[in-house]
Each structure stands twice: as structure tokens, then as C-alpha cells.
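There are 2 protein chains.
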Amino acid sequence: MGTTPPASLTPAEARSAFRAGRSGPTAGWATGHTQANLVAVPADWAYDVLLFAQRNPKPCPVLDVTEPGETSTVLAPGADLRTDLPRYRVYRDGQLTAEPTEVTDWWREDLVAFLIGCSFTFEGALDAAGIPLRHIEQSRNVAMYRTNRPCRPAGRLHGPLVVSMRPIPAPLVDLAWRLTALLPAVHGAPVHAGDPGELGIKDLDVPDYGDAVRQLPGDIPVFWACGVTPQAALAASAPPFAITHAPGHMFITDARDADYRIA
Amino acid sequence: MGTTPPASLTPAEARSAFRAGRSGPTAGWATGHTQANLVAVPADWAYDVLLFAQRNPKPCPVLDVTEPGETSTVLAPGADLRTDLPRYRVYRDGQLTAEPTEVTDWWREDLVAFLIGCSFTFEGALDAAGIPLRHIEQSRNVAMYRTNRPCRPAGRLHGPLVVSMRPIPAPLVDLAWRLTALLPAVHGAPVHAGDPGELGIKDLDVPDYGDAVRQLPGDIPVFWACGVTPQAALAASAPPFAITHAPGHMFITDARDADYRIA
Chain A
59 MGTTPPASLT
69 PAEARSAFRA
79 GRSGPTAGWA
89 TGHTQANLVA
99 VPADWAYDVL
109 LFAQRNPKPC
119 PVLDVTEPGE
129 TSTVLAPGAD
139 LRTDLPRYRV
149 YRDGQLTAEP
159 TEVTDWWRED
169 LVAFLIGCSF
179 TFEGALDAAG
189 IPLRHIEQSR
199 NVAMYRTNRP
209 CRPAGRLHGP
219 LVVSMRPIPA
229 PLVDLAWRLT
239 ALLPAVHGAP
249 VHAGDPGELG
259 IKDLDVPDYG
269 DAVRQLPGDI
279 PVFWACGVTP
289 QAALAASAPP
299 FAITHAPGHM
309 FITDARDADY
319 RIA
Chain B
59 MGTTPPASLT
69 PAEARSAFRA
79 GRSGPTAGWA
89 TGHTQANLVA
99 VPADWAYDVL
109 LFAQRNPKPC
119 PVLDVTEPGE
129 TSTVLAPGAD
139 LRTDLPRYRV
149 YRDGQLTAEP
159 TEVTDWWRED
169 LVAFLIGCSF
179 TFEGALDAAG
189 IPLRHIEQSR
199 NVAMYRTNRP
209 CRPAGRLHGP
219 LVVSMRPIPA
229 PLVDLAWRLT
239 ALLPAVHGAP
249 VHAGDPGELG
259 IKDLDVPDYG
269 DAVRQLPGDI
279 PVFWACGVTP
289 QAALAASAPP
299 FAITHAPGHM
309 FITDARDADY
319 RIA
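Sequence lines, in order, name chains A and B. Note that the first sequence covers residues 59 to 321 in my numbering. Note that the second sequence covers residues 59 to 321 in my numbering.
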């Protein structure tokens with residue numbers, strides 16, 4: 059791999075690098091390939107998670123669900139969900155207890171893994187249309203915020219909508235809106251553009267997940283529903299055990315972004 | 059109600075007519091309002107149905123899932139799922155045992171109801187664009203066929219993809235394709251246009267559900283994934299008990315078709 063820029067790696071090469079211990083946010087990696095959020099819960103919580111996703115499809119577009127104990131997915135044959143992400147989070151009773159780079163020792167036979175669409179998927183479409191991506195320009199993770207909008211609860215799961223924010227030059231906001239609307243499997247159109255206060259976000263410089271991203275003059279903050287939403291629900295709802303990706307540290311699948319474009 | 063044409067009824071008026079005992083297919087009723095397939099199964103089958111839907115989103119776009127025993131839905135406040143459809147099917151061990159016009163006596167406290175998007179929803183968009191709807195012109199139910207394409211199984215549920223077919227004048231097929239692609243929550247773009255043999259359909263004049271619909275010269279048969287697919291899975295997989303709508307006899311919700319258009 060050596061000096062190959064992350065953008066031109068194949069998904070298998072990227073996963074192999076993470077399996078070998080490399081870490082870091084995956085925005086801009088393996089361009090054109092679909093990245094996914096990971097949420098793995100004990101089987102007796104799987105219905106709650108799947109129903110929560112159905113009831114909150116913008117933040118939780120489900121791309122695949124594994125059988126209990128399975129560690130691979132149709133989205134990336136040969137991949138191992140326990141080792142092939144750059145960083146994980148392990149939760150016990152809703153408390154974050156570890157942030158390892160692999161979870162082989164934590165994995166359980168009753169875990170059901172959910173792979174959920176990620177907004178990194180549409181960044182290729184934005185970039186191709188000439189829309190600047192400030193967090194990539196600034197070599198930062200995307201900024202994510204808990205909002206004051208509750209998700210629709212499902213069974214034992216409840217929690218707030220989490221959004222990712224990208225500063226976009228005002229004349230390009232409409233184009234960004236239309237391009238991402240065509241990708242409902244990866245969050246679709248924004249939920250809001252403009253005043254962060256509308257979403258209950260007090261200070262854009264203090265994100266709840268990821269990094270603060272600097273706006274340039276003339277930029278408007280644009281907010282998309284975010285796949286970290288189920289993590290916020292796990293923290294609020296406290297299942298006995300869960301494993302997720304670390305925010306921004308996604309699972310890179312073999313699927314192509316174009317596969318999820320609906321028109 | 060009297061002589062009010064079904065197209066101009068409100069959803070509540072249509073449901074009230076069905077509750078009072080009126081029956082018949084709902085194509086063309088309460089124009090602009092979203093119609094839904096009903097599948098109700100015992101709670102211990104709910105995860106299988108929801109996962110089957112996630113794995114087969116084109117035929118099974120889930121619009122709502124009720125809590126066990128609940129008989130109403132956020133899609134139509136005040137409606138009663140046991141009485142407000144024009145006709146039902148009751149299954150025991152995968153066998154069709156009754157086709158009543160209400161199911162109050164059959165309903166159980168452990169039933170979870172799934173409301174699944176219906177292709178009638180996009181017929182308004184086709185009609186508005188000048189695309190003729192032959193089954194409505196001919197006062198027939200839409201024609202539906204089991205195909206030779208298996209759905210991706212989920213738990214105990216497996217079965218074939220079922221499609222609805224509309225004959226469309228050849229020069230308008232592309233427009234129909236593009237218009238419905240924008241409605242992924244109600245089956246989206248067609249799965250096929252042209253030779254029925256590609257889907258293993260031997261004779262268009264002998265549909266598996268609904269009525270045969272006559273093609274006019276120059277028409278091409280266009281096939282969309284159909285919300286009867288979960289019924290075919292119930293028949294193939296034989297849960298101990300299930301209630302569904304009768305094919306073509308849908309639940310008319312208060313939601314508007316436009317709500318499901320993604321761009």
C-alpha cells in the first residue's frame with residue numbers, strides 16, 4: 059500500500075490496512091465505494107433496532123443485517139466485521155467502555171450487526187459536482203451534533219436525531235440538496251440548512267462527535283441526518299451490550315455509491 | 059357518499075365506506091392519497107417480516123409497523139385496521155382460510171401489522187403525466203404475477219418476487235420508469251419491461267392475483283415489484299396465523315403520494 063493515497067485504495071485494500079492496525083476517519087477513502095455505520099446488538103435487541111431504523115429512515119437507512127453471530131456481510135464478501143473497521147466503540151449498559159481498533163475479543167455469538175448508510179457515500183457526488191468538502195480540505199473528521207429533535211421510539215430504543223454538518227457555499231446549497239435527495243439509502247436530502255439554533259445546536263464549534271470544521275465566508279451550514287443516531291439511541295436506551303464503529307471511522311463496503319442512486 | 063366518484067372521496071370517507079361493508083379493488087380511489095398493503099403476523103414472526111422487508115425493499119417498502127395488538131396507525135389516525143379495508147385474507151399455516159370484508163373476530167392481541175407501500179400510489183403520477191392506466195380504463199384490478207426470482211430469505215420467511223404489470227405505450231415507458239424511480243417508498247422503478255418470459259411468466263392472460271388486463275397495440279408490459287410479495291412469502295413459509303389485505307383491496311391512508319416523492 060505504502061504511499062497509495064487512501065482515495066485510490068480498493069475497499070479490500072482499505073479493510074486490509076485497518077485489519078493490520080491502521081486507524082483514522084475514513085472520509086475520502088476508496089472513492090466511489092459505499093461506507094457504512096456499524097451497530098451490533100444482542101439478538102434480543104435486534105427487533106428494536108430494526109424497527110427504530112424503519113421508523114427513522116433518514117438517519118438509519120439499513121443496508122444490511124447479519125444473522126446472529128455472523129461476522130461477514132453480503133456488502134463485502136471476505137470482510138470480517140470484527141477487525142476491518144479502523145476503530146470501534148464498545149458499550150455496556152449504555153456506557154462507552156472501550157474504543158479499540160478491533161473487537162475480536164468482545165464479539166459474541168448472539169450479536170446481530172446492522173450496517174447503516176453513511177453520508178460519506180454522497181460526498182463523491184458532491185465533489186464531482188464541484189461542491190467543496192471543508193472537512194476533507196481541512197483534514198478533519200466531519201462535525202456531528204445531537205439535535206433537539208427526538209427520533210420516533212421503537213420498543214426500548216429512543217434518542218435524539220444526530221446530524222452531520224457540511225459548510226457549503228450559499229449558491230451551491232440547492233445543488234447539494236438535489237443531488238443528495240437522489241440517495242435516500244444514505245440519508246437523502248438535508249434535514250436543514252442555515253440557523254443551527256433551529257436544531258437546538260448552540261455552538262457549531264463544539265460538535266458532539268467528530269471535529270469542528272471551519273466555515274469559509276459565504277458558506278451556509280447544511281445538516282444531514284447521521285448514522286451516529288443509533289449510537290445516541292444506544293447511549294440513551296442502555297442495552298446491556300453493544301458494539302459500534304467510532305464516529306467517522308466507517309466500514310468500507312464493496313458496494314458502489316452509484317448502486318444507491320435511485321435516478 | 060352516494061354518487062361521489064371514488065376518486066374524489068377523502069381517505070376517511072373511503073375507509074368509512076369499507077367499514078360499512080362496501081368492497082372492491084381500490085385502484086383510482088381517493089386520488090393523491092397513499093394506499094398500503096397490510097400484513098399482520100403474531101409478534102414472534104415480526105422480526106422475520108421486518109427483516110424480509112429490509113432485505114427485499116423493492117417489493118416490501120415498509121411505511122409503518124404497529125405495536126402488538128394495536129389496530130390503528132400513524133398513517134391514518136382514527137382508522138381501524140380490522141374494518142377499514144375493503145377485503146382481507148386470513149391465513150392459517152400458510153393456507154388461505156377466509157376472505158372476509160372485516161376481521162374483528164379474527165384479530166389477536168399479539169398481532170403486529172405491517173403497512174407496505176403499494177404501486178397504486180404512483181398511478182396518480184403516471185396519470186398526471188398522460189400515461190394511460192389500462193386496468194383502470196378497463197375497470198379491472200391490476201394484474202399480478204409470481205416470478206421465478208426468489209426474494210432474499212429472512213429467518214423463516216422465503217418466497218418469490220411478485221410483480222404488478224401495466225401495459226404502457228412504448229414511447230412512454232422511459233417516462234414511466236423515471237417517474238416511478240422517484241418514489242422508492244412505493245416500489246420505485248420497474249424491475250423489468252418487455253418479455254414476460256424473463257421473469258418466468260408464461261402467460262400474461264393468466265395472472266396469479268388480480269385480473270387479466272388487455273394490452274393495446276403498441277403497448278409494452280412493464281413490471282413493478284409488488285406488495286403482494288410478502289403474501290406469497292406467507293403462503294410459502296406458513297406461519298401459524300396471518301391476516302393480509304386481499305390483493306388490490308388496499309388500506310387507504312391519510313398520507314399523500316407526494317410525501318413519498320424524494321425529488
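Think of the hints as simulated: they come from the structure by calculation, not from any bench. Among the clues, some could well be false.
[As the list claims (entries may be wrong)] Restraint ranges, calculated between C-beta atoms of paired labels, are given here:
| # | chain 1 | residue 1 | chain 2 | residue 2 | range |
| --- | --- | --- | --- | --- | --- |
| 1 | B | 66 | A | 296 | 28 to 36 Å |
| 2 | B | 89 | A | 150 | 47 to 55 Å |
| 3 | A | 130 | B | 100 | 24 to 32 Å |
| 4 | A | 186 | B | 188 | 41 to 49 Å |
| 5 | A | 102 | B | 261 | 41 to 49 Å |
| 6 | A | 214 | B | 157 | 36 to 44 Å |
| 7 | A | 135 | B | 101 | 50 to 58 Å |
[To be verified] Derived, one-sided and incomplete: chain A residues facing chain B with beta-carbon distance under 8 Å:
| # | residue |
| --- | --- |
| 8 | 104 |
| 9 | 108 |
| 10 | 109 |
| 11 | 112 |
| 12 | 258 |
| 13 | 262 |
| 14 | 264 |
| 15 | 267 |
From the three backbone atoms N, C-alpha and C, an ideal C-beta is built for every residue, glycine too.
Practice prompt. Report holds or violated for the interface hint on residue 267 of chain A, using the least CB-CB distance to chain B and a cut-off of 8 Å.
Written response: This interface hint is violated because 25 Å lies over the 8 Å limit.
Worksheet item: Are residue 264 of chain A and chain B close enough, Cβ to Cβ, to be under 8 Å, as the hint says?
Response: violated (32 Å)
Item to complete: Given the range 24 to 32 Å, decide if the beta-carbon distance of residue 130 of chain A to residue 100 of chain B lies inside it.
Response: 31 Å Cβ-Cβ, so the 24 to 32 Å window holds.
Discussion item. Between the beta carbons of residue 89 of chain B and residue 150 of chain A, is the distance compatible with 47 to 55 Å?
Written reply: Since residue 89 of chain B and residue 150 of chain A have Cβ atoms about 53 Å apart, the given range 47 to 55 Å holds.
Discussion item. Holds or violated: the 36 to 44 Å window for the beta-carbon distance between residue 214 of chain A and residue 157 of chain B?
Written reply: Taking Cβ atoms as reference, residue 214 of chain A and residue 157 of chain B lie about 37 Å apart, which means the hint holds.
Discussion item. Holds or violated: the hint that residue 104 of chain A contacts chain B, with Cβ atoms closer than 8 Å.
Written reply: Check passed: Cβ of residue 104 of chain A comes within 6 Å of chain B, closer than 8 Å.
Worksheet item: Regarding residue 66 of chain B and residue 296 of chain A, is the given constraint of 28 to 36 Å on their beta-carbon distance met?
Response: violated (51 Å)
Worksheet entry | Restraint outcome when residue 109 of chain A is required to lie within 8 Å of chain B by C-beta distance | holds (6 Å)
Discussion item. I want to verify a distance hint. Is the separation of the beta carbons of residue 102 of chain A and residue 261 of chain B within 41 to 49 Å?
Written reply: holds (47 Å)
Discussion item. Tell me if the interface restraint on residue 108 of chain A is satisfied: Cβ within less than 8 Å of some Cβ in chain B.
Written reply: holds (5 Å)
Worksheet entry | Outcome of range test on Cβ distance (residue 186 of chain A, residue 188 of chain B; 41 to 49 Å) | violated (34 Å)
Worksheet entry | Closest C-beta approach of residue 112 of chain A to chain B relative to 8 Å, hint status | holds (5 Å)
The structure shown violates the earlier hints numbered 1, 4, 7, 12, 13, 14 and 15.
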